[in-house]
Amino acid sequence: KFVFDGPFAPPPLQFALEHGADMVMHSATKFLGGHSDLLAGVLAVNSEDMKISLKEDRTAFGAVPGSLEVWLLLRSLRTLRLRVLEQSKTAGRIATFLNSALTVDDCGISDLRKDGVDSIPAIIDTVFYPSLSLDTEEKRNWAHQQMPRGFGGIFSLQLKTQTYAELFMKSLHYWKNATSLGGVESLIDHRHRWDTTVHPGLLRLSCGLEDSEDLLKDILQAVKRVHSLTKKEDA
1 KFVFDGPFAP
11 PPLQFALEHG
21 ADMVMHSATK
31 FLGGHSDLLA
41 GVLAVNSEDM
51 KISLKEDRTA
61 FGAVPGSLEV
71 WLLLRSLRTL
81 RLRVLEQSKT
91 AGRIATFLNS
101 ALTVDDCGIS
111 DLRKDGVDSI
121 PAIIDTVFYP
131 SLSLDTEEKR
141 NWAHQQMPRG
151 FGGIFSLQLK
161 TQTYAELFMK
171 SLHYWKNATS
181 LGGVESLIDH
191 RHRWDTTVHP
201 GLLRLSCGLE
211 DSEDLLKDIL
221 QAVKRVHSLT
231 KKEDA
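The sequence shown begins at 1 in the numbering used here and counts up by one.
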């Protein structure tokens with residue numbers, strides 16, 4: 001069986017059952033819930049037999065959500081499309097901007113003259129976002145067939161050192177330090193705290209519904225502050 005883990009690519013971004021998946025797992029706590037106020041999970045299947053089997057298991061083991069969680073989830077699904085598309089748009093814009101500042105010397109984009117841009121190459125090593133790795137037409141066509149509406153509200157930054165990562169998080173105003181994702185508020189997580197095999201400078205950012213310009217400016221001012229503080233220490 002082909003089982004797809006879908007929290008990072010919820011509807012309306014991807015419909016894995018249409019691409020051959022037998023089962024799709026969603027942590028409804030994330031984008032489906034979208035408000036950081038419920039714990040739930042969803043299994044979607046394309047087989048009546050599998051549906052009956054799962055229902056029998058649920059009945060036997062009692063793994064049913066509470067009525068409050070169900071009500072909160074139904075509330076959230078009414079705005080799922082609006083939230084996810086906007087979060088994906090914001091993540092794509094910010095990730096593309098930061099990556100451009102790392103990889104383009106002078107592309108003539110006026111946005112690249114924003115305050116703090118000059119500090120990006122000194123602090124950030126790599127920007128991770130699905131669209132940034134689509135370096136051939138074949139890859140782009142394949143990705144857009146699966147996710148024509150965007151590539152999700154999550155991107156990652158790998159800063160050059162653990163010290164940079166810790167200072168960067170402390171310097172942010174809009175991005176809150178939390179390990180969850182997919183909510184209406186923007187969150188940032190330092191993965192190395194939970195898994196020491198992860199690069200100590202890796203940060204996962206989950207875009208909320210704040211204005212994308214405000215979120216980008218917050219990142220730029222934090223990068224600029226980290227660069228300024230570390231230059232003083234080096235001096």
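Hints may contain errors.
Claimed, not checked - Label-pair distances were calculated between CB atoms; the ranges are:
{"no.": "1", "residue 1": "ALA63", "residue 2": "GLN145", "range": "31 to 37 Å"}
{"no.": "2", "residue 1": "LEU229", "residue 2": "PRO12", "range": "37 to 43 Å"}
{"no.": "3", "residue 1": "ALA122", "residue 2": "GLU185", "range": "27 to 33 Å"}
Claimed, not checked - As a list, the in silico DSS-like pairs of lysine-lysine whose alpha-carbon atoms are at most 25 Å apart:
{"no.": "4", "residue 1": "LYS231", "residue 2": "LYS114"}
{"no.": "5", "residue 1": "LYS231", "residue 2": "LYS217"}
{"no.": "6", "residue 1": "LYS89", "residue 2": "LYS139"}
{"no.": "7", "residue 1": "LYS176", "residue 2": "LYS139"}
{"no.": "8", "residue 1": "LYS114", "residue 2": "LYS160"}
{"no.": "9", "residue 1": "LYS51", "residue 2": "LYS114"}
{"no.": "10", "residue 1": "LYS114", "residue 2": "LYS55"}
{"no.": "11", "residue 1": "LYS170", "residue 2": "LYS139"}
{"no.": "12", "residue 1": "LYS89", "residue 2": "LYS1"}
{"no.": "13", "residue 1": "LYS217", "residue 2": "LYS170"}
{"no.": "14", "residue 1": "LYS89", "residue 2": "LYS114"}
{"no.": "15", "residue 1": "LYS51", "residue 2": "LYS1"}
{"no.": "16", "residue 1": "LYS231", "residue 2": "LYS160"}
{"no.": "17", "residue 1": "LYS176", "residue 2": "LYS89"}
{"no.": "18", "residue 1": "LYS176", "residue 2": "LYS114"}
{"no.": "19", "residue 1": "LYS170", "residue 2": "LYS231"}
{"no.": "20", "residue 1": "LYS217", "residue 2": "LYS160"}
{"no.": "21", "residue 1": "LYS217", "residue 2": "LYS89"}
{"no.": "22", "residue 1": "LYS170", "residue 2": "LYS160"}
{"no.": "23", "residue 1": "LYS160", "residue 2": "LYS224"}
Read the hints as simulated data drawn from the structure, not as lab findings. Because the structure is a prediction, the values reported are computed rather than measured. Don't be surprised by glycine CBs; every beta carbon is placed ideally from N, CA and C.
Do the hints match the structure? See the list:
Our hint of 31 to 37 Å for ALA63 and GLN145 holds, since their Cβ atoms are close to 35 Å apart. Hint check: LEU229 to PRO12, Cβ distance near 42 Å, so the stated range 37 to 43 Å holds. Evaluation of the 27 to 33 Å hint for ALA122 and GLU185 yields a pass: the beta carbon distance comes to about 29 Å. The suggested pairing of LYS231 with LYS114 holds, with an alpha-carbon distance near 20 Å, which does not exceed 25 Å.
Straight-line distance between C-alpha atoms of LYS231 and LYS217 comes to about 21 Å, which keeps the hinted pair within the 25 Å bound. With a C-alpha separation of about 20 Å, the suggested pair LYS89 and LYS139 falls inside the 25 Å cut-off, and the hint holds. Distance restraint check for LYS176 and LYS139: the Cα-Cα separation of roughly 34 Å exceeds the 25 Å cut-off, and the hinted pair is therefore not satisfied. Between LYS114 and LYS160 the alpha-carbon distance is near 22 Å, which keeps this suggested pair within the 25 Å criterion.
Taking the CA atoms of LYS51 and LYS114, the gap is near 52 Å; set against the 25 Å cutoff, the hint is violated. Our distance criterion of 25 Å between C-alpha atoms is broken by LYS114 and LYS55, whose separation comes to about 54 Å. Between LYS170 and LYS139, the direct Cα distance comes to roughly 37 Å. Violation of the 25 Å bound is thereby established for this hinted pair. Taking the CA atoms of LYS89 and LYS1, the gap is about 32 Å. The hint is violated against a cut of 25 Å.
Distance check on the hinted pair: LYS217 and LYS170 sit about 15 Å apart at the alpha-carbon level, within 25 Å; holds. A C-alpha spacing of about 20 Å is found between LYS89 and LYS114, which places the hinted pair at or below 25 Å, so the restraint holds. A threshold of 25 Å between alpha carbons decides the hint, and for LYS51 with LYS1 the separation of about 14 Å falls inside it, so the pair holds. Of the pairs offered as hints, the one joining LYS231 and LYS160 holds, with about 14 Å between alpha carbons and a cut-off of 25 Å not exceeded.
Proximity of LYS176 to LYS89 is assessed by CA-CA distance (about 20 Å); at most 25 Å being required, the pair is judged to hold. With a C-alpha separation of about 23 Å, the suggested pair LYS176 and LYS114 falls inside the 25 Å cut-off, and the hint holds. Between LYS170 and LYS231 the alpha-carbon distance is near 17 Å, which keeps this suggested pair within the 25 Å criterion. Note on LYS217 and LYS160: the hinted pairing holds, with a Cα-Cα distance of about 20 Å set against a maximum of 25 Å.
For a cut-off of 25 Å, the pair hint linking LYS217 to LYS89 stands: about 16 Å separates their Cα positions. Under the criterion of a C-alpha separation no larger than 25 Å, the hint pairing LYS170 with LYS160 is consistent with the structure, at around 16 Å. About 14 Å separates the Cα atoms of LYS160 and LYS224, which keeps this hinted pair within 25 Å; it holds.
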